[in-house]
Amino acid sequence: MKVAVLKGGRSLERGVSLRSGARVEDALQRLDHEPLPLDAGGDLVKRLLAERPDVAFVAMHGPGGEDGTAQELLEILDIPFTGPGVAACARCMDKVLAKHALREAGVPTPDWFAFNETAFRELGAADALGGLERRLGFPLVVKPSRGGSALGVKFAAGRDEVPEALVSAFSYDDRVLLERFVEGRELAVGVLGSEPLPVVEAIPAGGDRYDFEARYEIGRTEFACPAELGEREAGAVTAAALEAYEALGCSGFSRVDLILAADGPQVLEVNAIPGLTDTSLLPQAAEAAGMSFEQLVGKILDLALPAVAPTR
Amino acid sequence: MPETPHRRRAHTRTRDLERYAGLFAERTGVMRSSAMRDLMAITARPEVISLAGGLPDTSTFPASTFAAQMTRIAQESAAAALQYGPTEGFAETVDCILEVMGAEGMLPDPDDVIVTTGGQQAIDLICKTLVDPGDVVVCEAPTYPGAVPVFCSYQAEVVQIECDGDGMRVGDLEEVLERLDREGRRPKFVYSVPSFQNPAGVTLSLERRQRLVELARQRELVVVEDNPYGLLRFSGEPLPPLYQLDGGDFVIYVGTLSKILSPGIRLGWAVAPPPVMEKIVLGKQASDLCTSTLTQHFVREYFAEGRWREYVDSLVEIYRRRRDTMVESLREHFPAEATWTEPQGGLFIWATLPDYIDTSDLLAKALREDVAFVPGQAAYVDERLGRHSMRLNFSGVGEEEIREGVRRIGRAIAEQVELYGALTSNPAASPAPAQPRASDMDAAGLPRPGAEGSGGDGGDVLPFRKTGEA
Chain A
9 MKVAVLKGGR SLERGVSLRS GARVEDALQR LDHEPLPLDA GGDLVKRLLA
59 ERPDVAFVAM HGPGGEDGTA QELLEILDIP FTGPGVAACA RCMDKVLAKH
109 ALREAGVPTP DWFAFNETAF RELGAADALG GLERRLGFPL VVKPSRGGSA
159 LGVKFAAGRD EVPEALVSAF SYDDRVLLER FVEGRELAVG VLGSEPLPVV
209 EAIPAGGDRY DFEARYEIGR TEFACPAELG EREAGAVTAA ALEAYEALGC
259 SGFSRVDLIL AADGPQVLEV NAIPGLTDTS LLPQAAEAAG MSFEQLVGKI
309 LDLALPAVAP TR
Chain B
551 MPETPHRRRA HTRTRDLERY AGLFAERTGV MRSSAMRDLM AITARPEVIS
601 LAGGLPDTST FPASTFAAQM TRIAQESAAA ALQYGPTEGF AETVDCILEV
651 MGAEGMLPDP DDVIVTTGGQ QAIDLICKTL VDPGDVVVCE APTYPGAVPV
701 FCSYQAEVVQ IECDGDGMRV GDLEEVLERL DREGRRPKFV YSVPSFQNPA
751 GVTLSLERRQ RLVELARQRE LVVVEDNPYG LLRFSGEPLP PLYQLDGGDF
801 VIYVGTLSKI LSPGIRLGWA VAPPPVMEKI VLGKQASDLC TSTLTQHFVR
851 EYFAEGRWRE YVDSLVEIYR RRRDTMVESL REHFPAEATW TEPQGGLFIW
901 ATLPDYIDTS DLLAKALRED VAFVPGQAAY VDERLGRHSM RLNFSGVGEE
951 EIREGVRRIG RAIAEQVELY GALTSNPAAS PAPAQPRASD MDAAGLPRPG
1001 AEGSGGDGGD VLPFRKTGEA
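Chains A and B, in that order, are what the protein sequence lines are.
Under the working numbering, the first residue of the first sequence is numbered 9, with each subsequent residue one higher.
Under the working numbering, the first residue of the second sequence is numbered 551, with each subsequent residue one higher.
For reference, chain B alone in the conformation it holds in the complex:
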């Protein structure tokens, strides 16, 4: 019998380190790892209540449905489901995608659609197609933490535009675009998550959507709209996606089934005008040839049943209750100095603490209490920013755990507030639980945005700062 080979474990020597260092591409130099990443590794301990993930609750998907569909695929189309597929994806998958986009009022040409391995790959492929080292990419501040490493790995120079309760401050964007003009630089694209943004939970207002699309037309500027959560609205009126407003001329659209069906199946898509799509397809070919055909078969079967909207509606109900629970818990357990967004949909709340609290350090303290969140710095390219904010996820755990998790974080914050009070000889903040102050909030409970328009907005930006801090 042949001897079982030893598993090779890395045994790097100094010489190897030097050798590899000489081999590494320049772009690896800007790929960041950090002490915070090590901290995040601990959040996976089973006893930890994690409000850190971005996880939809897949436990609500009926196992019997899953079993029946996979069985049917095995019995009726095993060979095809186990075979390669076209790089663009199956036409049947694109039909399902059109159905999902149609639900938000969009009607793209099927030829403009490519099926990708999750929305994440769509972002990667768009960067691969458009971004050279040193190119400017504009995005929101804070932005989707998963987009930061993509932009960095293509060595983009990232410019972040502050958000307020009405999403990206498009007035600020105009100023930045003008400044870039004067410097003779042109951003390759503006990346936005307009609805129930990850991480801030805010939604771009209709007025700003229209202005953004108008800017794109005037300046022939590409806008990348990433819309994973659009169908997960709990309250308020639906807003038209940028893609619909623009008609697909300057907006490249990124979609995914991760939040309305399953992130595990890794099925996303991009919609782009033909010349861009051509390059994206070539890029995808180089990356992974095609998106999992098994996944695509599953999606086809699932949509053929015609009940996907029902499932989305059931998720909306569950997440609405969880959001309400989290907001209630925040009011009860977070100190008066804290502010937070109250999203009308999606998966996340963004909370901002007094500026003497560093949320990475707070995470270490919270982990001792077996609770986790994402420190705000992950949502900024410049890691010195966002240090007083945190992202809280309310979709991945049940209401009891949300209550308990927020209670524990609140207790850790209260200790820091009290300590800071003692250190600065200021009486500690009133122990009274926080209520969003009426003056800071509009009717929907979101921080009131500043007047949008030519130049200076007057409203609070994220992270929201309270005035009058002694």
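The following block holds chain A by itself, in its conformation from the complex:
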């Protein structure tokens, strides 16, 4: 089968995406498919039209590839693709939309308030900050609504740190959210089709939970998979993850990030197309479930194709 691997693009997560893509191509080759690497640029549609792949494996992260844009094109070109559809991608990419959808579905997620840049620039939204800070408490987390990895995510320990954190977050998106900081264990649950994978825990090595950059560095963060959880805890975490996955309309595969607080799990966000690099969480979780990377890629591919068509 000819499989177009969409990777790269212009997003800030280009580097991770190229690594995810390269690894997927390698696995496809070992599965006896014909991978067609495509660095998403101005000639993407032309190349898809010329090459007419049987299916597209979307290995792009961040705006452009993970927000429904690439998926929309693939739908128009009538090429089946891996991972969630257009609407689910758009919802997952935008943390504000995602949190509304989660709350409507009754999935626990930390309290938040969202702002557009124009609200501050033109409507004097700064005057509302004091009240919100009292309701959310300190420390609070400031995040760009659409952005990947830890880019632009800042803690504000007190009032005076909020404006600076907002300026940082607005560097990545014109909408940001202020979120209540929930103390707890940092967990991630990969979902494949409709099946949850074992829970992964990220444990900051230096103990600095406020350093978001450390999360993505080997050596500064340790990962435990499966996470050491009691049966009831694991059940609650997995249930919350599946509810979030469904609430956002995901299909194929995705990764749900949660905090396990004293009073139960809280969903932070859902990554529509999680990283597939050597050090990414989803492949680690799949492996803990006894699934090799090739098997994982094969399964993701199967899920992308119409149920009736034989895949191999």
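By construction, these hints were calculated from the structure, which means they are not laboratory data.
Just to be clear, a hint being listed does not mean it is correct.
Away from chain B, derived, C-beta distances all over 12 Å, residues of chain A [claimed, not checked]:
1) Val63
2) Asp86
3) Gly93
4) Leu105
5) Phe121
6) Val190
7) Glu194
8) Arg240
9) Glu254
10) Gly257
11) Leu311
Short derived list, chain A residues pointing at chain B, Cβ under 8 Å [unchecked claim]:
12) Arg22
13) Ala134
14) Pro171
15) Val175
16) Ser176
17) Phe178
18) Ser179
19) Tyr180
The C-beta atom is built at its ideal place from N, Cα and C for all residues, glycine as well.
For this one, chain A is given, so just place chain B on it according to the hints.
For chain B alone, coordinates are given in the frame of chain A:
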């Protein structure tokens, strides 16, 4: 026909990760990668105006000269040019090096010189020779971003000394040395880029040069002088290198042809007293046996032509115009709250923004406008520092691109300044373009240094902070 083997692509499993983690040397734990590094990867997109590089403009080197010299090497000395060479480098290469150093008034013993694979290897070899894990290395703040990973990989404890418009504050250095004395610790060396420093663009004053060399003598302290840009002076009087002032007793010198000929040929050197040199040679042998002999042949041919100074002069002219363009553009497009250095030579300007702007985040915003710079944190070992500053390179791109690049960065900053004003209910900064304020600047347009001497300097340090911010 044999089957074409598949290229092996990494397919690491959790088990492998754990296995490798157990194998990694301790020093890899302090080798840093960061989200910022991923950002820098995007600056390589062709549509991006990159003021981020440290690149000299190699397009000005005449291709015909290059072709003629390489042809001559192929015809006359192919076998030797393709062979190994001595670890110390060819004597003829050392002659060329002496010529370059002579142009700045230095006259070392040829036996004290080793040819290295770029100045970067010289820094590495000096660390390899002198630094044990936990040893103290002193350098400027900000310092050459490429030196930080070298110091870290030898597990040095790095102490950074603030700079002002006159370079490293040697008064502060004395205080730090005394503190270290009291703690019973002795720095292995002080690393400095005294002329047109990377990244700050500042130059160590004559007075401070003399004081630094004096300190080195009094305390028997090694100073590593890294001088890639000394010959690239656009204005002002040349200053003697530390090596010349000291006579080579306590100063280890690092030089390179990267900025006056080509970085691609990877030709640098170190000059050190014989006992140190002996160890450096052994270290180099272990690293790569010898510097590329082909490169050394090319350098010999090039210097034999006798026109290397002309080429340097032509570069100086080009870079002077580009610096002027960048300074003009900064005045036009950066907000009143910003400050920057106005270097008398070299390749870089260091700009500092109000302390509510994080330049790593600003880079993300700038990249959407297809323009890039180096966030200041890269020049500090403690990555929490330098977050409000940026390094701008003016040698690697043409004047039109400099203007456009600075305009785009300026627009991104202006948006952040305005937003911060709205967030703090302060009226946004006056949209009037910035001018370095007379009170902050000396005649050369550099921030005025504090009085140097016993203890407290009164002047602004880098990053320069303005007072009176509401």
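These are the hints, each one checked on the structure:
1. Val63: holds (20 Å)
2. Asp86: For A/Asp86, whose nearest Cβ neighbour in chain B is about 30 Å away, the distance exceeds 12 Å, so it holds.
3. Gly93: holds (27 Å)
4. Leu105: A/Leu105 is indeed farther than 12 Å from all Cβ atoms of chain B, at 21 Å.
5. Phe121: For A/Phe121, whose nearest Cβ neighbour in chain B is about 14 Å away, the distance exceeds 12 Å, so it holds.
6. Val190: holds (23 Å)
7. Glu194: holds (17 Å)
8. Arg240: The assertion about A/Arg240 holds, with a minimum of 26 Å to chain B.
9. Glu254: holds (28 Å)
10. Gly257: holds (28 Å)
11. Leu311: About 21 Å separates A/Leu311 from the closest Cβ of chain B, which puts it past 12 Å; holds.
12. Arg22: holds (6 Å)
13. Ala134: holds (5 Å)
14. Pro171: holds (4 Å)
15. Val175: holds (5 Å)
16. Ser176: holds (4 Å)
17. Phe178: The hint holds - A/Phe178 has a Cβ within 8 Å of chain B, the shortest such distance being about 6 Å.
18. Ser179: holds (4 Å)
19. Tyr180: Hint holds; A/Tyr180 Cβ to chain B Cβ min 5 Å, cut 8 Å.
Figure legend: structure checked against the earlier numbered hints; every hint is met.
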